[in-house]
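Peer 1: Okay, here's what each chain looks like letter by letter:
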Amino acid sequence: AQSVTQLGSHVSVSEGALVLLRCNYSSSVPPYLFWYVQYPNQGLQLLLKYTTGATLVKGINGFEAEFKKSETSFHLTKPSAHMSDAAEYFCAVSDAGGTSYGKLTFGQGTILTVHP
Amino acid sequence: DAGITQSPRYKITETGRQVTLMCHQTWSHSYMFWYRQDLGHGLRLIYYSAAADITDKGEVPDGYVVSRSKTENFPLTLESATRSQTSVYFCASSAVGNYEQYFGPGTRLTVT
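Here the protein sequences come in this chain order: U and E.
For the first sequence, our numbering assigns the number 8 to the initial residue and increments by one for each residue that follows.
For the second sequence, our numbering assigns the number 341 to the initial residue and increments by one for each residue that follows.
Keep in mind the hints are simulated off the structure, nothing from the lab.
The structure presented is a predicted model; accordingly, all values stated were derived computationally and were not measured.
Among the hints, a few may not be true.
[As the list claims (entries may be wrong)] The list that follows gives simulated cross-link-like pairs (lysine to aspartate or glutamate, DMTMM-like), each with its CA atoms no further than 25 angstroms apart:
1) 56/U with 378/E
2) 397/E with 419/E
3) 75/U with 440/E
4) 351/E with 95/U
5) 56/U with 399/E
6) 65/U with 440/E
7) 56/U with 440/E
8) 76/U with 440/E
Please take these sequences and the hints and turn them into a complete structure.
Peer 2: Rendered as structure tokens:
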């Protein structure tokens, strides 16, 4: 069984400030972890993913995340927020480590607001 | 154009009616998925398919039916729509061995 908890349904930052979106997961198999971004009235776009190997993964638009097994966390960060980062962000865990289908279990989502 | 498309993008229907949401992908991905998105729940898996004629239930399958006669199509049918099925529905696909899922633009369904 898998689950994902995103701490904070809304996060607000100023333009240029650090972005930190928190994600904790639970998985009975080695986790594959993902962050997706959703802009208004659009589908989900992959930001970055962790499968195996390096625990610090870099994604698009300057985002990165670090897989910490001991803390069961996969927090998303960006050093300097831009107005265009305003969107909803979803953390997800895949069962790919245990089966071949890669079904995703999503967190509840975090809406990021960026103030000028 | 290549990619994953959904139709219709918006649909309003009445309680009790049958509704079919279409999903089409041009990548020949083996795996396809249907999710629903609701406030406070993120996205939840309804059904998934590993290949043509192979489908299985996800987390919230009640009230939905799927079929997959061709690799590129994965329609989702609400046999008798209820207000609780008002939601945004997303289709996704992925290739064997690559667990990154590609999402369609979504269908916003309102059941009155």
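Peer 1: For the pair supplied as a hint, residue 56/U and residue 399/E, is the alpha-carbon distance within the 25 angstroms limit?
Peer 2: 23 angstroms, holds
Peer 1: Residue 75/U and residue 440/E: Cα distance at most 25 angstroms?
Peer 2: Within the cut-off at roughly 20 angstroms; holds.
Peer 1: Within 25 angstroms, alpha carbon to alpha carbon, are residue 56/U and residue 440/E?
Peer 2: 8 angstroms, holds
Peer 1: Tell me if the straight-line CA distance from residue 56/U to residue 378/E falls inside 25 angstroms.
Peer 2: 23 angstroms, holds
Peer 1: Is residue 397/E close enough to residue 419/E, meaning Cα to Cα at most 25 angstroms?
Peer 2: 16 angstroms, holds
Peer 1: Between residue 76/U and residue 440/E, is the straight-line Cα distance small enough, at 25 angstroms or below?
Peer 2: 21 angstroms, holds
Peer 1: Starting from residue 351/E, check that the Cα of residue 95/U is at most 25 angstroms away, please.
Peer 2: 23 angstroms, holds
Peer 1: Hinted pair, alpha-carbon criterion (25 angstroms max): residue 65/U, residue 440/E. Please report holds or violated.
Peer 2: Answer holds: residue 65/U to residue 440/E is near 15 angstroms, not above 25 angstroms.
Going down the numbered hints, you'll see the structure goes against none, and every one checks out.
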